[in-house]
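For reference, the chains in residue letters:
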Amino acid sequence: MLLIRLNPLRILNKASATILTRNIHITPAVATLTPRQTNRVKCTLIPGDGVGPELVYSVQEVFKAAGVPVDFEPYFFSEVNPTLSAPIDQVTSSITKNKVCLKGILATPDYSHTGELQTLNMKLRNELDLYANVVHVKSLPGVRSRHTGVDCVVIREQTEGEYSALEHESVKGVVECLKIITAAKSDRIAKFAFDYATKNKRKKVTVVHKANIMKLADGLFLKSCEETSKLYPKIEFEKVIVDNCTMQMVYKPQQFDVMVTPNLYGNIIDNLGAGLVGGAGVVAGASYSADCVVFEPGARHTFAEAVGKNVANPTAMILCSANLLIHANLASYGEMIKNSVSKVLLDGKVRTKDLGGQSNTQEFTYAIIHNLKPLSI
Amino acid sequence: MAARIISNSCLHRKLHELGSGLSKLSRRTAATALPMSDFEIQHKQPLVKKTKSIPVALYGGRHAVTMLPGGGIGPELMLYVREIFKYAGAPVDFEVVDIDPKSDESNDLEYAITSIKRNGVAIKGNIETRSESTGVQSRNVAIRNELDLFVNVLHCHSYPGVPARQSDIDIIIIRQNTEGEYAMLEHESVEGVVESMKVVTKSNSERVARFAFEYAKKNNRKKVTTIHKANIMKLSDGLFLETSQNIAKEYPEIEHNEMIIDNCCMQLVSKPHQFDVMIMTNLYGTIVSNVVCGLVGGAGLLSGKNYGDHYAIFEPGTRNTGTSIAGKNIANPIAMISASIDMLDHLGHKEHSKVISDAVRKVMCEDKLHTSDLGGTATSTDIVQKIIDYILQTDTRTW
Numbered sequence: 005m006l007l008i009r010l011n012p013l014r015i016l017n018k019a020s021a022t023i024l025t026r027n028i029h030i031t032p033a034v035a036t037l038t039p040r041q042t043n044r045v046k047c048t049l050i051p052g053d054g055v056g057p058e059l060v061y062s063v064q065e066v067f068k069a070a071g072v073p074v075d076f077e078p079y080f081f082s083e084v085n086p087t088l089s090a091p092i093d094q095v096t097s098s099i100t101k102n103k104v105c106l107k108g109i110l111a112t113p114d115y116s117h118t119g120e121l122q123t124l125n126m127k128l129r130n131e132l133d134l135y136a137n138v139v140h141v142k143s144l145p146g147v148r149s150r151h152t153g154v155d156c157v158v159i160r161e162q163t164e165g166e167y168s169a170l171e172h173e174s175v176k177g178v179v180e181c182l183k184i185i186t187a188a189k190s191d192r193i194a195k196f197a198f199d200y201a202t203k204n205k206r207k208k209v210t211v212v213h214k215a216n217i218m219k220l221a222d223g224l225f226l227k228s229c230e231e232t233s234k235l236y237p238k239i240e241f242e243k244v245i246v247d248n249c250t251m252q253m254v255y256k257p258q259q260f261d262v263m264v265t266p267n268l269y270g271n272i273i274d275n276l277g278a279g280l281v282g283g284a285g286v287v288a289g290a291s292y293s294a295d296c297v298v299f300e301p302g303a304r305h306t307f308a309e310a311v312g313k314n315v316a317n318p319t320a321m322i323l324c325s326a327n328l329l330i331h332a333n334l335a336s337y338g339e340m341i342k343n344s345v346s347k348v349l350l351d352g353k354v355r356t357k358d359l360g361g362q363s364n365t366q367e368f369t370y371a372i373i374h375n376l377k378p379l380s381i
Numbered sequence: 014m015a016a017r018i019i020s021n022s023c024l025h026r027k028l029h030e031l032g033s034g035l036s037k038l039s040r041r042t043a044a045t046a047l048p049m050s051d052f053e054i055q056h057k058q059p060l061v062k063k064t065k066s067i068p069v070a071l072y073g074g075r076h077a078v079t080m081l082p083g084g085g086i087g088p089e090l091m092l093y094v095r096e097i098f099k100y101a102g103a104p105v106d107f108e109v110v111d112i113d114p115k116s117d118e119s120n121d122l123e124y125a126i127t128s129i130k131r132n133g134v135a136i137k138g139n140i141e142t143r144s145e146s147t148g149v150q151s152r153n154v155a156i157r158n159e160l161d162l163f164v165n166v167l168h169c170h171s172y173p174g175v176p177a178r179q180s181d182i183d184i185i186i187i188r189q190n191t192e193g194e195y196a197m198l199e200h201e202s203v204e205g206v207v208e209s210m211k212v213v214t215k216s217n218s219e220r221v222a223r224f225a226f227e228y229a230k231k232n233n234r235k236k237v238t239t240i241h242k243a244n245i246m247k248l249s250d251g252l253f254l255e256t257s258q259n260i261a262k263e264y265p266e267i268e269h270n271e272m273i274i275d276n277c278c279m280q281l282v283s284k285p286h287q288f289d290v291m292i293m294t295n296l297y298g299t300i301v302s303n304v305v306c307g308l309v310g311g312a313g314l315l316s317g318k319n320y321g322d323h324y325a326i327f328e329p330g331t332r333n334t335g336t337s338i339a340g341k342n343i344a345n346p347i348a349m350i351s352a353s354i355d356m357l358d359h360l361g362h363k364e365h366s367k368v369i370s371d372a373v374r375k376v377m378c379e380d381k382l383h384t385s386d387l388g389g390t391a392t393s394t395d396i397v398q399k400i401i402d403y404i405l406q407t408d409t410r411t412w
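Going down the list, the sequences are from chains A and B. Residue numbers 5 to 381, in our numbering, belong to the letters of the first sequence in order. Residue numbers 14 to 412, in our numbering, belong to the letters of the second sequence in order.
Just so you know, these hints were derived from the structure itself, not from any lab. Cβ atoms here follow ideal geometry from the backbone N, Cα and C, with glycine treated the same way. Heads up, none of these hints are tricks.
With a straight-line Cα cutoff of 27 angstroms, these simulated DSS-like cross-link-like pairs (lysine-lysine) come out:
1. A:Lys46 with B:Lys363
2. A:Lys101 with B:Lys99
3. A:Lys207 with B:Lys130
4. A:Lys142 with A:Lys238
5. B:Lys130 with A:Lys227
6. A:Lys238 with B:Lys115
7. A:Lys227 with A:Lys238
8. B:Lys367 with A:Lys101
9. A:Lys342 with B:Lys99
10. A:Lys142 with A:Lys214
11. B:Lys130 with A:Lys205
12. B:Lys262 with B:Lys235
13. B:Lys230 with B:Lys367
14. A:Lys377 with A:Lys142
Reference excerpt, derived from the structure (chain B facing chain A, CB under 7 angstroms, subset only):
15. Ala70
16. Leu71
17. Gly102
18. Asp106
19. Glu108
20. Thr127
A few chain A positions that, by computed beta-carbon distances, are all more than 12 angstroms from chain B:
21. Tyr61
22. Glu65
23. Glu77
24. Pro113
25. Asp114
26. Asp155
27. Glu173
28. Asn248
29. Tyr255
30. Leu268
31. Ile272
32. Leu280
33. Asn343
34. Gln366
Could you build all of it, start to finish, from the sequences and the hints given here?
Shown next as structure tokens:
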């Protein structure tokens, strides 16, 4: 541990040197890699509501201990606390500049007081065009849950569909909500899903729809996916209706690989999936636009009742941050953190209450810090 | 592609008109007044509409790119490229597609082509076509034709410090890539008499010529030379020459002249500095580019770019597989690395391409670390390692 604290860089450089040697079967005379000047990566940070700030604090502790060269640009951003919240254009311009963001969950009030139909989350997504939400639902070693061996990826279109924020009451007592599906965005999310599958060596993409009822809207989405699938002859393509999908998910979730869904179904399946593998505290997610990525927990719960109680599970947030590091070309740090998380969970000695343990957030964070080991030494 | 740069200024207006459905997509572009990368120009402003546009493979700032390692030294060179990208933090994810050189089946090839269509950009080594049976098309040619990569650009420049026959060479060779002698129309009408057709079309000649002049304009080049053999092939090469002369009139600021291919080869080896940008048909292109590569130091140094209306492929400049030196750790990795630099440029990742090209320049010109083909003693991995060293020392962490 002390060793890591003192010279993390040198260790990592050595590690990478050995990796390189092995990969390109080099001659014994290995050139010495001079320690790299730490040019630090900047990252926007939105702690979010509820336990968000506590989880973010635990991420920062882990980063500090691992010597991760990341600088955060924190913004308080909240819908329930509008007076303190940073203006949205400041936040978006920071994310556009940094290209990566770590975000907690934003609470959204059930009723709109101002008549505004778009939530802050939706505004942020639309502003940055974060069209693809990816949630990797994966059974973690050592976390007891109903199913084992679950490993599926839910990819959700999150800029249109039911979340169009177009609702009106033409006649008193009759409210209409418009669900918008466009070919351009359906093509885009379908291609995203198949490209994700290709990149991550997945075998199958399942489209979740309800085209038997919404023949035009979901029909268009389904058609886009079908057409895109023709470009990927090596990936199996399958369709399933959303109601059947939810039943299959709780019954035999192992059958799914990559799933691509319109907005609302995706939201439901994300949460369902999170429930299968251990709850909102352990599932990481990310939202992609063409140019930037916002890493956020997969299931959207603020856990407001636990604020200040030091009981929340930081696993999801820490995994998000590890994914962020991998995305920002700091893969060695990311893997190091991921390995530590799975070791702590597998050992099972330190667990938060949601996983049946007795430890608090802080103890769990320290356990992760204690298990940080640089790779391949 | 470069032909479209002229209308770059009116792009914002065009994007505006794209309609409300896509306004979200365009607004981001309009808001950031950054100059567009070649990749963006190619995909947002196509001259020819694709039957159905395929969304761009760019997610969270990372591009997906097809990688075709090909045969011979290809796989090892690709490994070096990936290592270098890892250390330079280039935001590119490769989709590796291997094509089995032994089989006559075209499944792999079709898959590779589909993959390039999806990603829009590829980097490739030379793909072997072992079969000599007439039914089997050369795979390199098949890829070019299928994707309509009508132009090949080879920037031949000397590296100071690299021993070569001629120094300070800086020539751009632009070659028609899909027709001419490579039309692959051959037949034996009468026993013992074989005819091979050379096809030159006005539309393709025009595309190439316009590309060349736009390229010259964009890169501040002064002169374009059309290479031909119109004194013998009066109609086919005549058409090519005539088209380029017509296009030249639209660019009065760029000097245009012509030269016959045989004379051109002689001039190249005796006085290469008179050339600036050269355009030519397919077969002459392959000959001339090999001549110039020989002048500046062999096959291992230069990289070529193939452009079509929608796709771009980057590869080492001379198309040799180098099967004889595969696995011996002596192949010169510079050509493939510089192809990868071209690719990063095309995608708009200028910072990364600069970091890598600076490192390459330092290794080649200052350290004079050369492989045996340039008379040096270094191994491929020595050079790659040194380049990575320089990248790591660079003061920017760009991912």
